[in-house]
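J.: Take the sequences, apply the hints, and build the full model.
Chains as they are written, first to last, in this note's numbering: chain R, 9 to 452; chain B, 9 to 452.
Please keep in mind that the hints were generated in silico from the structure rather than gathered at the bench.
A couple of the hints might just be wrong.
[As the list claims (entries may be wrong)] Pulled from the structure, derived: some chain R residues nowhere near chain B, Cβ distances all over 10 Å:
hint: 1; residue: Arg23
hint: 2; residue: Pro339
hint: 3; residue: Asp417
[What the hints assert, rightly or not] As a list, the in silico EDC-like pairs of lysine to aspartate or glutamate whose alpha-carbon atoms are at most 20 Å apart:
hint: 4; chain 1: B; residue 1: Lys368; chain 2: B; residue 2: Glu420
hint: 5; chain 1: R; residue 1: Lys368; chain 2: R; residue 2: Asp411
hint: 6; chain 1: R; residue 1: Lys373; chain 2: R; residue 2: Glu403
hint: 7; chain 1: R; residue 1: Lys338; chain 2: B; residue 2: Asp177
hint: 8; chain 1: B; residue 1: Lys338; chain 2: R; residue 2: Asp177
hint: 9; chain 1: B; residue 1: Lys373; chain 2: B; residue 2: Glu429
Glycine is no exception: its CB is placed at the ideal position from the N, C-alpha and C atoms.
2 protein chains.
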Amino acid sequence: MYLARREYQVDVFERYSDLRRLDAPGHRASISMTLCQRGLQVLGDIGVEEAIRLLAVPVYGRRVHMTTGLGPFQPYGNRDEALYNISRNELNRALLLHAACFPNIRFHYDEKCIDVDLATTTISLQNMQTGVITRHHSDLLFAADGAYSVVRRYMQRLDRFNYSQRYLDYGYRELTIPVTAMGEPAFDRNELHLWPRGHYLLLGFANRDDSITVSLFLPFAGALSFASLQTPEDVRQLFAQSFPDTLAHMPWLEEEYFARSANSLVTIQCSPWVYRDRVALIGDAAHGIVPYYGQGANAGFEDCFILDCCLDRHGNNWQSVFADYEMLRKPNTDLIGDLAAQHFTELCDRVNDSRFLLRKQIERKVNQLYPNVYIPIYSMIAFSSRPYTQAMEIERRQSVVIDRLMALDQIEERWNSAEVEQIIHELIQEFLSDHCYEETVSLV
Amino acid sequence: MYLARREYQVDVFERYSDLRRLDAPGHRASISMTLCQRGLQVLGDIGVEEAIRLLAVPVYGRRVHMTTGLGPFQPYGNRDEALYNISRNELNRALLLHAACFPNIRFHYDEKCIDVDLATTTISLQNMQTGVITRHHSDLLFAADGAYSVVRRYMQRLDRFNYSQRYLDYGYRELTIPVTAMGEPAFDRNELHLWPRGHYLLLGFANRDDSITVSLFLPFAGALSFASLQTPEDVRQLFAQSFPDTLAHMPWLEEEYFARSANSLVTIQCSPWVYRDRVALIGDAAHGIVPYYGQGANAGFEDCFILDCCLDRHGNNWQSVFADYEMLRKPNTDLIGDLAAQHFTELCDRVNDSRFLLRKQIERKVNQLYPNVYIPIYSMIAFSSRPYTQAMEIERRQSVVIDRLMALDQIEERWNSAEVEQIIHELIQEFLSDHCYEETVSLV
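T.: What follows is the structure in structure tokens.
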């Protein structure tokens, strides 16, 4: 759409059928994804944000389920920030409907890319219905073909292409908590539900129909793992012991568990993203990340926005556009890839580590006192459009304040006292005088 | 040979022709490689060390060439340790001659692997002379097919295969300094010759015929780079300015420069190395590293030794043999891969950083005073068979001693004084009481 707006003729080749058809076959089971400020701003920029917001369920904070009962609600920041949970298929359908309004975008469905000639930007496509193979040449080729990108595989054959794929030892299985007999969601629909258990995790988001999709994160191998859960009884026992409040709401637990396979989790990084002034990787094809920070789709949409900014700068000098695009984006997507992989540990340990929880409470307190100065890293990532690397740099500086508070004697008892509040004021004044604090946000 | 010694029937498939034939075509130009203690010990274990030592040129230390003249000779350690420079083809020829003595090793030359079926350990081979394709099944498959391993490419298609290939921005071109008109080597044949120039480097080893092979390390792109050297004059000017003492000895400099292409430098890491109890990656196929530490071949030979140790432990339970092999080896080869990539900077900066040189001098002094306690990391890597990870752990602890010496006031002037020597004694006593120092070396 960004390209069509600039009056380029755009051809979109899609391996699966037209999602707008109700009977469209072959698509992946519809998984949940989360949109946040970063992604929504880009969708707003192309005029489709409101349509998509209507399809999404806002989530205003986290709720930890302990084996002994519900923990307190932990709101995201102090400003009604929300994540928006949406079905992948519904998001794509809305985007397709919007894109169809551009006369210079042509869609080609059921076309699987089977060969790429980078030097001539020619791709070979096989029709999944008819088997017919056709070739398509274009001046520019954007590879938005996902974490297992075919185009990237051809770029890998070039000399000095850097590439890494790193899998977590963990995987996940998606399961469903249907609406209750009363037609209501089993748990609050506007909360992210977390069952953190140290080395494993259950995580749930409500869908538009009030069912809840939960993801069970487990190691692939080991004492308690996908490999160790062999029988329906094993699965039921795990849920009874570890997630007791879900069991009454999951009538099909065992059937569903064994009907679905465990998905693996990969982080993909590579460079260069671009080939001369002809080919560019974009979205997951350029940077596959794990879902723990909810940033995958958002980072992909942001790629489009940044690429459009580079077009503003360099006109149709595509060599410069591409070089700038990679230079601006890659450090940011490398960072979110690393952060996302680390964040799993944080999600898992959320109930078990009292120092960690104290740190979060103190962070929230400092943020309440100085909402424009001290913003937790999670909020900068999810609820701002600040570049990821800039967010991380600010976090590196500001975390010194929290380190010093955590080092105070008996901080466990005193953290909410007037006395400590006075120390917070002093530390923040010091912080502000040390750093010429940049309030402005610049995306590129 | 390790396998043949255990009476396995071994089939070796080699893409190129039999190197023992004088006219064997298709082999890579013979590059130099270095053997050290680690590799020689393994060669000794299979009874071929002496034969190979005779083909190698021992190098007892480094000689830095500055633009103003020769620097002092820097011996490796204090114990006559040496690196052994050998031509890759001569090394391989000697190994082939030795292997031919085993009746249960069969060689298949000119056979290129074009397909691998991991599940049935069946490989398809195309004969490079006749074009005929054959299939070969075996119970076990060892992929010793190098950094661009075909077998590994098939393993990469399995789920959750971790893989990374990282290229340096630098490459190298090999050039020759022939023997002088007097029939002598242009520079001392038993020294590693270094022309470190901060951002680039020339490095030379003498060959058996007293010619010297030098490698020019330059960035691929930038102000001074392989891309910037366009004409014979550019090349001559670089050598005249940066490596003036070589110029008189390089009559074919420009022709040779443009006749050879620049080689890229890649670090490859992956996991798993093994597939069930059937397939194992070994050598560069499992861990491609850059040549700066001279450890590539040594690490590959060590793989064989460790695999043999695992066979001692687990008999022919190959599932356990392979699991143990990967567990013992991978942390070590990951480490040497990282160290080798970093070592380039150390080689380049060797003349420019006076603090760095002082640190090396102090290290040497401490090593002279305590030759069995303080051993520089380079010596532990090159002149011992200590596992790489263990060497690094010891370095982490012992470097504190040098850090504290470097922090002394006016250490630049005082480092060789009796006073500082007294401090060294105290620090080492402290170090010895802090760490229960392990003198024993255990390989596995």
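J.: Look at each hint and say if it fits the structure.
T.: Consistency of the hints with the structure:
no., hint, in the structure
1, Arg23, "18 Å, holds"
2, Pro339, "16 Å, holds"
3, Asp417, "30 Å, holds"
4, B:Lys368 / B:Glu420, "12 Å, holds"
5, R:Lys368 / R:Asp411, "12 Å, holds"
6, R:Lys373 / R:Glu403, "16 Å, holds"
7, R:Lys338 / B:Asp177, "17 Å, holds"
8, B:Lys338 / R:Asp177, "17 Å, holds"
9, B:Lys373 / B:Glu429, "9 Å, holds"
Of the numbered hints given earlier, the model fails none.
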